[in-house]
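Participant: Generate coordinates for the entire structure from the input sequences, incorporating the hints supplied.
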Amino acid sequence: MIDQQAGSRIRVEALAVGEQEQAAQWAQRLGLPLSDACADFALQLTDHGLQLQQLGDDAPGAVRVDFVEGAVAHRRLFGGGTGQMIAKAVGIQPGIRPSVLDATAGLGKDAFVLASLGCDMSLIERQPIIAALLEDGLARGRGDRDVGSIIVRMRLLTGNSIDIIRAWTGEPPQVIYLDPMFPHREKTALVKKEMRLFRPLVGDDM
10 MIDQQAGSRI
20 RVEALAVGEQ
30 EQAAQWAQRL
40 GLPLSDACAD
50 FALQLTDHGL
60 QLQQLGDDAP
70 GAVRVDFVEG
80 AVAHRRLFGG
90 GTGQMIAKAV
100 GIQPGIRPSV
110 LDATAGLGKD
120 AFVLASLGCD
130 MSLIERQPII
140 AALLEDGLAR
150 GRGDRDVGSI
160 IVRMRLLTGN
170 SIDIIRAWTG
180 EPPQVIYLDP
190 MFPHREKTAL
200 VKKEMRLFRP
210 LVGDDM
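Under my numbering, think of the first position of the sequence shown as 10, with each following residue one higher.
Take every hint as true, because none was put in to throw you off.
Distance windows between CB atoms, simulated:
{"no.": "1", "residue 1": "Glu180", "residue 2": "Thr55", "range": "33 to 41 Å"}
{"no.": "2", "residue 1": "Gln93", "residue 2": "Asn169", "range": "22 to 30 Å"}
{"no.": "3", "residue 1": "Cys47", "residue 2": "Val161", "range": "37 to 45 Å"}
{"no.": "4", "residue 1": "Gly89", "residue 2": "Cys47", "range": "42 to 50 Å"}
{"no.": "5", "residue 1": "Arg84", "residue 2": "Val161", "range": "14 to 22 Å"}
{"no.": "6", "residue 1": "Phe87", "residue 2": "Gly40", "range": "35 to 43 Å"}
{"no.": "7", "residue 1": "Phe87", "residue 2": "Asp172", "range": "36 to 44 Å"}
{"no.": "8", "residue 1": "Leu43", "residue 2": "Gly100", "range": "41 to 49 Å"}
{"no.": "9", "residue 1": "Ala80", "residue 2": "Gly100", "range": "19 to 27 Å"}
{"no.": "10", "residue 1": "Glu30", "residue 2": "Leu187", "range": "35 to 43 Å"}
{"no.": "11", "residue 1": "Val26", "residue 2": "Phe87", "range": "30 to 38 Å"}
What the hints contain is simulated information worked out from the structure, not anything from laboratory work. Backbone N, C-alpha and C fix where the C-beta goes; we use that ideal spot for every residue, glycine too.
Facilitator: Structure representation (structure tokens):
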């Protein structure tokens, strides 16, 4: 269940026909209402997947996780491959693809890049709403012909990174990757929108 902060009330709603049952399941799972006229945010089920929309006249556009199209897909195709800084940071070399634990997964963009380069990824996200968006994006990507083989290398864990790492069983990751969401190194329009949307929910400690 989500501990809704003051000024950050969230409701779940179905915008696509036939998604009411799925909306009810998400609401029950996250402990959120299906109707709240005073909500500040709406977790919406659409034809394109789960998205988070801030409500109000000056609200930014909705945010959802999409590994098939958009900026993440462009980065996969034209981002520089193993020459990217993130690849060097985790130790990718010819013939070496370490297993990586992304302890601050966020929307999964960095983890997807590393998975696309051949790393087996474990992703930890502590904020339930962001984890829900990520889970939905992974589920949709898993069925795509182009990225499905990448998504199978990504495993999502929801909870506190420290607790999960302490309780880890099995083969440990070779690399633990940390990249807090805020403040972000890239102030693109998309990142600014995501920061504005998520800051009331997660604060500055991600």
